[in-house]
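Take the given structure of chain U and dock chains R and Y to it, following the hints.
Quick mapping for you: the protein sequence lines, in order, are chains U, R and Y.
Counting in the working numbering, the first sequence runs from 18 upward without gaps.
Counting in the working numbering, the second sequence runs from 104 upward without gaps.
Counting in the working numbering, the third sequence runs from 28 upward without gaps.
Heads up, some of the hints might be wrong.
[To be verified] Rough simulated footprint, nothing fancy, chain R against chain U, three-plus residues with beta-carbon under 8 Å:
(1) 126-132
(2) 142-148
(3) 226-233
(4) 256-269
Rather than coming from a laboratory, the hints here were simulated on the basis of the structure.
Positions of the beta carbon are idealized from the N, C-alpha and C atoms, including for glycine.
Now for the letters of each chain:
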Amino acid sequence: MIKKLASCWRRYSQVILGGGLFLLIVLMAVFAPLIATHDPGAYAMREALQEPGPAHLCGTDAFGRDVFSRIVYGARISLTIALAVLVVCGALGTVLGLLSGYYRWAEATIMRLMDGLMAFPSILLALVILTVFGSGIQNIILALSISYLPRVVRTIRGAVISVKEYEHVEAARAMGASDARIIFKYILPLCVSPLIIRLTLIMALTVLSESSLTFLGVGLSPEIPSWGNILSEGRQYITTSPYLITLPGLAIVLAVLSLNTLGDGLRDLLDPRLK
Amino acid sequence: MLNYTVRRLISSIPVLLIVAVMVFTLIHMIPGNPAAVMLGSDATQEEVDALTQKLGLDQPVPTQLVRWFGGMLRGDMGDSIYYDRPVTQVLSERLEPTFLIVAYAILVALAIGVPLGVLAAVNHNGLLDKLCMILSMVGISCPAFWLGLNLVILFAVQRNIFPSVGYLPLAEGGLLSALYYITLPSFALGLQRSASIARVTRSSMLDVLNNDYVRTARAKGLGEFRVIAKHTLKNAMNPILTQVGMSLAQLVGGAVVIETIFNIPGLGLLAFDSLKRRDYPMIQGHILFVALAYILINLVIDLLYKVFDPRVDYH
Amino acid sequence: MKEPNIVLEARDLNVDFHNPDRTVKIVNNVSFSIARGETLGIVGESGCGKSMTSLAVMGLVPKPGKATGQVLLEGTDLLGLPGKELRKIRGNRISMIFQEPMTSLNPVFTVGDQLMEVFRLHQNASKAEAREKAIEALRMVNIAMPEQRFGEYPHQLSGGMRQRVMIAMALSCDPQVLIADEPTTALDVTIQAQILELMKDLKERLGTAIMLITHDLGVVSQVCSRVVILYCGQVIEEAPVEEIFGDPLHPYTRGLLRSLPAIGRREKLYVIPGSVPGARDFPTGCVFHPRCERACGRCREEAPPFFDRGGGHRCKCWLYDTGEGGLTHG
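Pulled out of the complex, with its shape left as it was, chain U reads as follows (with noise of 0.2 Å):
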């Protein structure tokens, strides 16, 4: 009993503390106002720039505002445009890369775009395109889908390529099954797991990013309380209040772990080739 929960762990341990340390960021998000022990938006100047200690968990900020509750109600939109990216990409990713993958006709065009993608660093393409389209929480989910669009892209087609091969998918065409039939029963399905380890790994990169471009003053506007904005309105007092830098951050390698966390251990699980 002991030796099969022993290799149990072995297997599912980056799944289950990945996945657990998520879920726990997930229920704090949820439940905010529950966990916040201010309110994130109060101001209290007499208690501006107080060290961490019991009254407030991570200290104040400049205008007093309680830390602790600012990062656990950040949570609720970082995770919300990580979600919104997942959504985004994932679908826009599939349909694109199933098609290129499925159709030689389709495969020039679409992997030359994603070529040309790929050869921006995905955080300058952002920052281009919050220039061009402005800054806001729609604008930032769509910089970033589009940014990491060719990793969907290309995961999916590399998976429809090396099913299309597969003697049931052989069969299903020889019986005559019309392409839409044989590509949502037969190859979709064979795609999955990659597309989800992909995903994971997406999400965690658009919590990084997102937090770079709202640090840069770019991503979101400064009223919103997300992880990059405490941070950005911390750097000020870097030499007198170092904790406003540190633990934010702190909330973001947190957030950043689990997931990639998550996505290694599904990999190792799902793709062992990969391993």
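Below, chains R and Y alone, put in the same frame as chain U:
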């Protein structure tokens, strides 16, 4: 090999073209007249018209595209609006700090990542392996800008060892002082990159360690250190090289954030400022330059494979 | 039967693999000895532990395996030596060539580089000396144009040539013992013959004792003087080569010989029923009993000891129990 290089360069032209068209289209999607945006709200209509004409923005978009291409073929990327000088000239002036930071960062990444990865692979599944992997997982998960800020707190605020902002060009202070100024930003980028290099090194080493020739090396009586340092590391180099290439490409563009934080007048800061200033020719030029760098880095990496593995054949 | 000119002797050699769940015994109390200039064949099907035996002799058992017992090279126990001392012996006084010449040479270094390494390591040769000696070694194994081959990479050589390089490397320090693990298995038949001829020739010239690991009885008949038959990690029969072919005792050995194709014989080849069990489930009693046509109750219950038939011929099988009790040794 020369043949291969030429073929690769030719085949990269379509990618460059696509990038150029994308950039161009993106810039032209900006609502309103870019000239008006550039000049700000208190410009007169005449000034706006003059700039519109100067930039050729009164022409139809396809004409503008063709013109811009024509210019590029002659090595002319247009003039920066803000600096009122050729884009290529401004770019080349800003190249130095970025180049140094990227090189410094990649050296830091290799110096930390490779030994860590080797150590992990040699102790496969052991405590040290687990520790290295956890460390690198945390490293991958750290935003570079946050690492940079923490380094500033540690080494510039609490102890006054390194400067927290600024840059002293080579021409003014020589290499050492230039490196001194960019130490913190380079370590911030390098530490983060070292994590992925450690992971690649580990998995590549694990592949190589199972090979028969490693057993042969041991059977010859070589010590474990020489077995690892000579008979496996060189064999494990190519995946590491690939990772270095990807890191370099990301660093050239990713320098934006770190240069902004440390206020280093490199390409990244230039791009960021140009975006704020709506200096579109400058941005177009910068992005094309980065794309070109990406292509060249990939080519150089591909050519380097042969150095580590004589079996690589360029056909 | 300790003879004065024994160079290598294994006594009760065991190799165990320790997993968290259980311990697997790959090599079980194997003993054998090789005299100066002799060629000993170690024969068995794949999975019988013959490669692990050779790695144990070299002290190269991979983790998490562990070798216990004794391996005596001219009286020194190699298993007891500290790593540093052992490394001085490896590649110098005892060396090894492997089955796959394709993968046994490091692809990213030149042939010369890999050869020179041995001289630099064991003979403190200068670069120039090592180069001289390396080219000489290539010449010794009949490689044409050794100066040119010296600068080439393994992938530029043919399989036979690579194995010659491996042999040159192994013999470069004039070792007392050469362990050859399936040295010809991966080669074409004609190349095989050449390599065997070369090994025989060099053995006579240099007086090296050879421990030849193989599954191929044909190879054994050509080069070996004595044979040890391994099954499930145990020695089940040992005899001079003429006796093995002329008067095999163990049913397994007989089976092996009957399954050899012979020219001019057209009847169906004999196949030993069943297959070699995995190391995790070696049978109790006599390890061969599940596949043995002559197994009786005792074979299932009790492992047979060695029964000595004289003339260096001994065998682990109850069929030869003469009632006076076997030699339990080894």
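Do the hints match the structure? See the list:
Chain R is given as covering the region 126-132 of chain U, and this holds because 3 residues of the stretch bring a CB closer than 8 Å to a CB of that chain, at least three being needed. With 4 residues carrying a beta carbon less than 8 Å from a beta carbon of chain R, the region 142-148 of chain U meets the three-residue requirement, and the given coverage holds. Three residues within the 8 Å Cβ limit are the bar, and the region 226-233 of chain U against chain R gives 4, so the coverage statement holds. Three residues within the 8 Å Cβ limit are the bar, and the region 256-269 of chain U against chain R gives 6, so the coverage statement holds.
Comparing the model with each numbered hint stated earlier shows that all of them hold.
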